[in-house]
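Participant: Below are the chains, spelled out letter by letter.
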Amino acid sequence: MKKAFPILGLLTAVFLSYALYQALVVAPQEQTMGDVQRIFYYHVPSAWTAFLLFAINFLASILYLVRRNPRTDRVAGGVVMALAALTCVGAYVFKGYLPKDVYPSSVATTGIVIAGFYFLIRKYFSEQGTDILALTTAEVGVVFCTVVLVTGPLWARPVWGIWWTWDIRLTSTLVLWLIYVSYLVLRRFSSSGETPVLAAALAVFGALDVPLVYFSIWFFRTQHPQPVIGGGGSIDPRMLHVLLINWLAFLCFAFLVCWSRYRLERLQRDVEETQALEALLEPGGRVR
Amino acid sequence: MTYLYIAYAATWLIHVAYLSTVVRRYSRLKKEMDQLGKK
Numbered sequence: 221m222k223k224a225f226p227i228l229g230l231l232t233a234v235f236l237s238y239a240l241y242q243a244l245v246v247a248p249q250e251q252t253m254g255d256v257q258r259i260f261y262y263h264v265p266s267a268w269t270a271f272l273l274f275a276i277n278f279l280a281s282i283l284y285l286v287r288r289n290p291r292t293d294r295v296a297g298g299v300v301m302a303l304a305a306l307t308c309v310g311a312y313v314f315k316g317y318l319p320k321d322v323y324p325s326s327v328a329t330t331g332i333v334i335a336g337f338y339f340l341i342r343k344y345f346s347e348q349g350t351d352i353l354a355l356t357t358a359e360v361g362v363v364f365c366t367v368v369l370v371t372g373p374l375w376a377r378p379v380w381g382i383w384w385t386w387d388i389r390l391t392s393t394l395v396l397w398l399i400y401v402s403y404l405v406l407r408r409f410s411s412s413g414e415t416p417v418l419a420a421a422l423a424v425f426g427a428l429d430v431p432l433v434y435f436s437i438w439f440f441r442t443q444h445p446q447p448v449i450g451g452g453g454s455i456d457p458r459m460l461h462v463l464l465i466n467w468l469a470f471l472c473f474a475f476l477v478c479w480s481r482y483r484l485e486r487l488q489r490d491v492e493e494t495q496a497l498e499a500l501l502e503p504g505g506r507v508r
Numbered sequence: 060m061t062y063l064y065i066a067y068a069a070t071w072l073i074h075v076a077y078l079s080t081v082v083r084r085y086s087r088l089k090k091e092m093d094q095l096g097k098k
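As they're listed, the protein sequences go chains A and B. For the first sequence, counting from 1, position 272 maps to 492 in this note's numbering; every step adds exactly one. For the second sequence, counting from 1, position 32 maps to 91 in this note's numbering; every step adds exactly one.
The following block holds chain B by itself, in its conformation from the complex (with noise of 0.2 Å):
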């Protein structure tokens, strides 16, 4: 059981840290463009 509970947090967890990356960078992209448009 201990390698199941593993493989099925170890698949949550690549999915979330790659998500993660995704919205910190989509965050950091949409604050960069309205500083842009304000200018």
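Next up, chain A with everything else stripped away, as it sits in the complex (with noise of 0.2 Å):
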């Protein structure tokens, strides 16, 4: 795996610099905004990538907690896959209050990827590894909430005339970027072995925050566009085409990071037991 790594950084870096071609040369100009609409290919992209990141971590933190109790831990593995049935059959139950280009399938398939991830999640990590992984899915997704923020306002000062309004779009974005800053302060300066525990709690309810910030332009009237694919948005295909393109460049790149991040927290968390091990050993290595 370690000699893998190189070739899927070249790769990666490869891959977006062909994304940035694309957003920068390829992709057609905006009619009323001109070319300070290709912020969005980095925009969007980011904040998605940040959601999902922020999902996993939910999933990892929710495993993380149940998996104490080995009859928490099974309780909850069917809690996820009856949910997972429910939301296939409530999504064409109740398609009529869908909102508008919100197809069943979309929900259904939604459902079941969640679903998907939790049950990978848990048959690939231990539950010292979910917590790693939370810890990293934060991490990370706080860097790319970060450029969220950052490149939003130097798209609204051309365009809206000014950097910042509080509408609920950009509001719960902040509040969402706010908890998850808390949560890595939390870990970070907390020394009480129960840290991982309390931020496992706070991250399931920080979590709360994603499906509002998402599905903020779908609900409320905001300053902020509206959404470009569903919601009844509309985009051209080659800016999809690209979009897509630099979306899925900045996932490579954000899986990367995370295995980095992954194998830095191993590393530290190894120094720690060892120096606790040496602290046991008297200088003869015996056992004090």
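You may find that some hints are simply not true.
[What the hints assert, rightly or not] In the EDC-like style, the derived pairs of lysine to aspartate or glutamate whose C-alpha atoms are separated by at most 16 Å in a straight line are:
| hint | chain 1 | residue 1 | chain 2 | residue 2 |
| --- | --- | --- | --- | --- |
| 1 | B | Lys-89 | A | Glu-493 |
| 2 | B | Lys-90 | A | Glu-485 |
| 3 | B | Lys-97 | A | Glu-498 |
| 4 | B | Lys-90 | A | Glu-492 |
| 5 | B | Lys-89 | A | Glu-485 |
| 6 | A | Lys-343 | A | Asp-293 |
| 7 | B | Lys-90 | A | Asp-490 |
| 8 | B | Lys-89 | A | Asp-490 |
| 9 | B | Lys-89 | A | Glu-492 |
[Stated by the list, open to error] Counterexamples of contact, computed for chain A against chain B with all Cβ distances above 10 Å:
| hint | residue |
| --- | --- |
| 10 | Gly-310 |
| 11 | Pro-457 |
| 12 | Trp-467 |
| 13 | Leu-487 |
Hints listed in this document are in silico derivations from the structure and should not be mistaken for laboratory results. Every residue gets a Cβ at the ideal spot worked out from N, C-alpha and C, and that includes glycine.
Two chains, two frames, some hints: make the complex.
Facilitator: Written out as structure tokens, the structure is:
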């Protein structure tokens, strides 16, 4: 796996360069906003990547909490499967209540994918592994969310004439960022043995802000542009193509960054464990 | 165009700054681990 990292890194760098070329050169110029609209090709993929990372953080945090007790773990598995089944059935039964351009099949697929992620994390990560995964995805998610909060005002200034407005999309994104920053601060500065549990509980409640951010432009009147995919939005197919290329490139990049951060955290814990063991040993090698 | 370039540059500045902290922490821990191994 260690040998694969530089190769994947190189491929991702090439892919990101190609995506940048697509965003700056190939994508057509938007008629009213001009070239400044191209910020969209970095802003939107960064937001989607941050949401995905926070969703993984949510699942890993739930898993960390439920795995502490084998019975809760079994019950949680059943609940996740039941929720996925309910989402599939509910999407078709209540399809009349879904927003315009949201298909029942996409809601059902989302339910299945989330349940799938839950069981994948459960299968491939140990209890400590889920804790490290939660920390890793929160940290990288905050980085991507920071990009969203920086590129947004840089687009708003020339288009709206203001850097910032306290509308629901912008405010809820800022609140989301603050929640995960507080999560990281808690993990960094709390020395209690219960820190991972407290952080996991905070992450579970913090993740509730993600759907609020995502759906705020669907259900509320905001200054933020309407959704470009679903929700009645429309986009030039060439722009959509460039947007998806950039998102895929950022996903590859996020995966590599998460991988590096995961390895760093494992090493950190190994060092702490070795130091603790060394402190227990006398100079002669005997246990104190 | 200025805002566009600033936005793209800011994006990569944020990512590079974060990656450099990860790399720095990794090399410091690696050194620490090697020293612990020698003991």
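Participant: So which of those numbered hints doesn't the model satisfy?
Facilitator: 13
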